[in-house]
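Undergrad: Respectively, the protein sequence lines represent chains Z and W. Positions 370 to 602 (my numbering) are the ones given, in order, by the first sequence. Positions 250 to 489 (my numbering) are the ones given, in order, by the second sequence.
Please note that the accuracy of each hint is not assured.
What the hints assert, rightly or not - Label-pair restraints from in silico Cβ distances:
id	chain 1	residue 1	chain 2	residue 2	range
1	W	380	Z	426	28 to 38 Å
2	Z	395	W	412	21 to 31 Å
3	Z	427	W	356	20 to 30 Å
Calculated directly from the structure, the hints in this document are not laboratory data. Note that CB positions come from ideal geometry on N, CA and C, so glycine has one too.
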Amino acid sequence: MGSWLNDIRKKSNNKIQGFSLTKWLKIGIAAFIAFFVIKNCFFQSGDNDKITIEPTPISIEDVKLKGEIYVCSALLEDYATMRKTQMGTFLLPQEHSCVQTLRQKCSYKIELDSIQYFPIKDSKEIAVRLPEPEYVATTQSSEFISDNEEFWAVALKSTNGMKLMVENQIRQKFDTEENRAKARLYARSAVEMMLDKFGFKAVFDSRIQSSDKELQPKEQGINRLNPFNKEGK
Amino acid sequence: MINLAKVFYKSITYNAMKAIHIIIYLLTCVLIPLSTSCSGCGSSNGDLNDSINAGNSSKNANVILTHLKQCADLVTTEATIRKLAIYDTSKHEKFSWSDISTWKYGDRKCIVPVDITIKYGYDLSSITTDNIKLTDDSTAVFITLPKPKIIDAGYNTMIKEGSVVKMSTGLRATIGHEVEEEIRRLAYEAVLKEDLTQVIGSDIKQNTQILLEQILHNVGMKNLDVHIIEEQPIINQPKQ
C-alpha cells in the first residue's frame, strides 16, 4: 500500500514540475496575443483603408469633333448583389455576399448631323425635323463591396456581368416613355433656343417629327413646307 | 492520512492542469482556424450555391441624386484619355514602431489602365443673343463663347481580362475587386481634377467653329465666316 502511494506521488510530482499551471496559462495567452497581432497587423489593418495611387501622366489618346445636344440629364445609382455558399472548416457552410453599385449619368442625346432643316424662303422661319432622342449613360462611379475580398477574388473572376446587370436596371428605370417625351420636348426647346440666337424661328411639324418611315422621301417634306424651294420647283 | 490528502490534492491539481491543457489545445487548434476561416484567411473548399440579385427598386433602393435637368448642353469635342493607375504600397506606406497598423510584412501592387471619355461643350442657355454679332455686310459672324465646360464624363466599367496586373507579397492579402474598383475611381477623379482645356482648348475652339459653321450652313447661311471669341473672365478690381 505504501509503495503504491509513493509511486503515484513521484509520478505526479514529476508531471507537475514539468508543466506548471501558470506556465501553460502564459503560453496560451502569448499564443492568443501573437495570433491576433499577426492577424490584425498583417492581414487586415490598413490593407483596404486609404488607398493611394501614384501620380502618373495623363495621355490624351484622341480629340474628336462632336455635334451633340444633351438633354434630360439625371444621375442614377443602382446595385446588384450576389451570394455564394462555400464549405468552410469542418464542412460548415459559410455564406458570402457582395454588392456591385454603379452611379451613372443618364441623358438623351440628339446628334446635330441628324437634325434636318428646311429653310422657308423669304422668311426667317425654318422647318425642323428632329430625330428620336438616343439614350446614353456614362459611369461616374463603380464600387464593389464584399464580406470577404479574398474569397470573391477567386469565386468571381470578373465583375462585368454584375455591372451589365446594374446598367440594364438603370436603363429600365430611366429610359421610360415619359422621360422620352420630356426629352423630345427639351430637345425641341433646345433647337428653338439655338436657332433663335441666330435670328431664326424654328417650326416643328408633327408630321415632320414623325419617324422616317412615314416620311421616307426627303423631297416630300421640302415640297410641302417650302414650295418655293429649288427642289420643289 | 495527511500524506494521502497531499497526494489527492496533487492529483486533483494535475487533472485541473490537464483540463486547462485541453482547453488551450482546443482554443489553438479548433477555434483559431475557425475564426481565421470566418475572417477570410481560410481556404475555400468548394462552392455550394450561388445566387445573383438585382437591387429592389420597389424598396426605394435607387436614389435619384438629381432631378431631370431641363437645360440643354451642346457637346462640340470628345476627348479620350488613358491613365495608368498604379497602386504600390511599398512607395507610400511607412513603417513605425509606435503604430501597429504599419507593421505589415510584404507589399501590394496593382496596375489598372483606365480609359476615360470627357465631352466638352457649352450650356446653351449661357449663350445669349448679345454674344452673337453679325457684320453689316452679313459675311461674318462673331460669337463670344464662355470657357468650355465638361458636359459629360465617365470611365469604362467593363474590365478587359488580363489588362489588370495584381500582385501581393509576404503576408499581404490578395487584391480583390474592391481595391481594383477603388483604384479606377481614384484615377478617374485625378483626371477630372486636371484642367485639360489648357491643353486641348484650341481643339475645342476649332471644333466649335466647324460645328457652328455647319449649323449655319444647314439653315441657309452658306457664305458666312464664323469667328469664335473667347469670353474674358471678369477680374474684380480692388476697391480704392
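Undergrad: With reference to the structure, classify each hint as holding or not holding.
TA: Now the hints, each set against the structure:
1. For the pair residue 380 of chain W and residue 426 of chain Z, the supplied restraint of 28 to 38 Å holds, since their beta-carbon distance comes to about 36 Å.
2. The given range of 21 to 31 Å is broken by residue 395 of chain Z and residue 412 of chain W, whose C-beta atoms sit roughly 52 Å from each other.
3. Range check, residue 427 of chain Z to residue 356 of chain W: Cβ separation about 25 Å, and the 20 to 30 Å hint holds.
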